[in-house]
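> Sequence:
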Amino acid sequence: MSLHLAARLTQVLLALALIQQSLEHLSVSPRNRPLFALRIALCAAVAAGVFAPWPLVGLALLSLVLLTRFQGPYNGGSDRMGLLALWCLTLSALVPSPRLKELFFGYLGLQLMLSYVVSGWVKIVNPDWRKGVALAQVFRFSAYPVAESLRGWAARPRLLLAMSWAVMAFELAFPLTLLWRPALIAGLVVAASFHLANACLFGLNRFFWTWLVAYPAILWLQARLV
Numbered sequence: 001m002s003l004h005l006a007a008r009l010t011q012v013l014l015a016l017a018l019i020q021q022s023l024e025h026l027s028v029s030p031r032n033r034p035l036f037a038l039r040i041a042l043c044a045a046v047a048a049g050v051f052a053p054w055p056l057v058g059l060a061l062l063s064l065v066l067l068t069r070f071q072g073p074y075n076g077g078s079d080r081m082g083l084l085a086l087w088c089l090t091l092s093a094l095v096p097s098p099r100l101k102e103l104f105f106g107y108l109g110l111q112l113m114l115s116y117v118v119s120g121w122v123k124i125v126n127p128d129w130r131k132g133v134a135l136a137q138v139f140r141f142s143a144y145p146v147a148e149s150l151r152g153w154a155a156r157p158r159l160l161l162a163m164s165w166a167v168m169a170f171e172l173a174f175p176l177t178l179l180w181r182p183a184l185i186a187g188l189v190v191a192a193s194f195h196l197a198n199a200c201l202f203g204l205n206r207f208f209w210t211w212l213v214a215y216p217a218i219l220w221l222q223a224r225l226v
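Quick note on numbering: the sequence shown equals residues 1 to 226 in full-length UniProt numbering.
Keep in mind that the hints were calculated from the coordinates and are not lab data. Watch out, some of these pointers could steer you wrong.
Between beta-carbon pairs, the in silico distance windows are [as the list claims (entries may be wrong)]: (1) 31 with 225: 42 to 48 Å; (2) 175 with 37: 38 to 44 Å; (3) 38 with 8: 18 to 24 Å; (4) 193 with 156: 17 to 23 Å.
As the structure is a computational prediction, the values presented were derived from the model and not from experiment. Even for Gly, the Cβ is constructed at its ideal location relative to N, Cα and C.
Take these sequences, add in the hints, and give me the full structure.
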C-alpha cells in the first residue's frame with residue numbers, strides 16, 4: 001500500500017467518523033450547530049478529495065475552536081485519537097519533504113499500536129484485572145445501556161477471568177503482529193471486533209469508528225518497516 005493510498009483511506013474514514021459525531025451535535029446542541037455544520041461541510045470536502053489540503057487545514061483549525069469551546073477533548077480517548085489522526089494527516093499533507101510526510105503519517109500507526117500495548121499494561125498491573133474483578137464491575141455497575149441479561153455475566157467469575165486475560169494477552173502481544181502481514185490483518189480484525197462488541201454492549205460507538213480510522217496507517221507502517 002502506497003503512502004498516498006493509505007493517507008487517502010485514512011482521510012475518508014476520518015471524515016465519515018467526524019460527520020457521524022457532528023450529526024449527534026446537530027440534534028442536541030443548537031448553540032454549537034454552526035460549528036458542527038461547518039465541520040460536516042469540511043469533512044464532505046475531505047471525503048470528496050476536493051481543494052486538498054485546505055479542508056484538512058480547516059478541520060485542524062476548527063478542532064482548536066472546539067477544544068476551547070468544550071474545554072478539552074470532552075469524549076476522552078476517542079476524541080484524542082480523532083485529533084491525533086486529523087493533525088497527523090494535516091501535517092503530512094502540508095510538509096513538502098517525502099520523509100516528513102512518512103514520519104507524520106507513520107506516527108499515527110505507531111500511536112495506534114501503543115494504544116493497545118499501554119492499555120494492556122495498565123490492565124495487567126491492576127490486581128482487579130488479573131483476578132477478573134474489574135470486568136465483573138464493568139458489567140455490574142456500568143452506566144452504559146447493558147442489557148439485563150448481560151449484567152448476569154458479573155456472576156460468572158471463571159468466564160470473566162478468561163475474558164480478562166484474553167484481552168490483556170491480545171493487547172500486550174499486538175506489536176508482534178507487525179512481524180507478519182497476515183498476522184497484522186488478523187490482529188486488526190480481532191481488535192475491530194472487540195471495539196464493535198464494546199459499541200454494541202456499552203454504547204462506545206465512537207471508539208469503533210475512530211480507531212478504525214488509524215488502521216490504514218499501521219498497515220502502511222508495517223509494509224514500510226518489514
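> Next, verify each hint and record whether it holds.
Right, here's what the structure says about each hint:
1. 31 with 225: 42 to 48 Å: holds, 46 Å
2. 175 with 37: 38 to 44 Å: holds, 41 Å
3. 38 with 8: 18 to 24 Å: Since residue 38 and residue 8 have Cβ atoms about 23 Å apart, the given range 18 to 24 Å holds.
4. 193 with 156: 17 to 23 Å: holds, 21 Å
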